[in-house]
Amino acid sequence: MKFLIDTDWVINHLRGKDETRLKLKEFRSFGLGISVISVAELYEGVYQSKNPNQAKAELEALLSLFSSLGIDRDICRIFGQERARLRKQGKLIDNFDLMIASTAIYHNLILLTNNRKHFEEIEGLKIISI
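Mind the numbering: the sequence shown is residues 0 to 129 in numbering that gives the first Met the number 0, read in order.
Just so you know, these hints were derived from the structure itself, not from any lab. Careful, some of the hints might be misleading.
The calculated lysine-lysine pairs, modelled on BS3-like cross-linking and capped at a C-alpha distance of 27 Å, are [as the list claims (entries may be wrong)]:
1. K125 to K90
2. K125 to K24
3. K55 to K24
4. K22 to K1
5. K16 to K1
6. K87 to K125
7. K116 to K90
8. K87 to K24
9. K125 to K22
Derived CB-CB ranges, DEER-like [as the list claims (entries may be wrong)]:
10. F95 to L64: 19 to 27 Å
11. K125 to N52: 32 to 40 Å
12. L91 to S28: 21 to 29 Å
Glycine included, every Cβ here is placed at the ideal spot set by N, Cα and C.
Build out the structure end to end from the sequences listed, making use of the hints.
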């Protein structure tokens, strides 16, 4: 596996954004993973949608194409280390974003996100955006 998909790329794919769909198709052969944090965020969107049953079915069909990556002690260690470093610099990053980034760093994956501003301050994180 080479890539970790951020929540925004999945949302863009589900909304039919061609550029995102093409990139995911291109990267799929290298292996695509998704953090359980992103999965939780995506289910929130499902249950806020106008048609939760349809949205759930579409999301679950897409999620079946990705490896789901959980959180363990090593990922939590990276999270804590990076959060402490950023806090000392007066830079705060959303906990979910930092946990997603920590997952990518631990597994040595490139994060696919268009929310570069959320992640640029994280040391050792590789990012691809469209």
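Comparing the hints with the structure gives:
{"no.": "1", "hint": "K125 to K90", "verdict": "holds (19 Å)"}
{"no.": "2", "hint": "K125 to K24", "verdict": "holds (20 Å)"}
{"no.": "3", "hint": "K55 to K24", "verdict": "holds (21 Å)"}
{"no.": "4", "hint": "K22 to K1", "verdict": "holds (13 Å)"}
{"no.": "5", "hint": "K16 to K1", "verdict": "holds (22 Å)"}
{"no.": "6", "hint": "K87 to K125", "verdict": "holds (22 Å)"}
{"no.": "7", "hint": "K116 to K90", "verdict": "holds (12 Å)"}
{"no.": "8", "hint": "K87 to K24", "verdict": "violated (40 Å)"}
{"no.": "9", "hint": "K125 to K22", "verdict": "holds (16 Å)"}
{"no.": "10", "hint": "F95 to L64: 19 to 27 Å", "verdict": "holds (22 Å)"}
{"no.": "11", "hint": "K125 to N52: 32 to 40 Å", "verdict": "holds (37 Å)"}
{"no.": "12", "hint": "L91 to S28: 21 to 29 Å", "verdict": "violated (37 Å)"}
Going through the hint list in order, the structure does not satisfy hints 8, 12.
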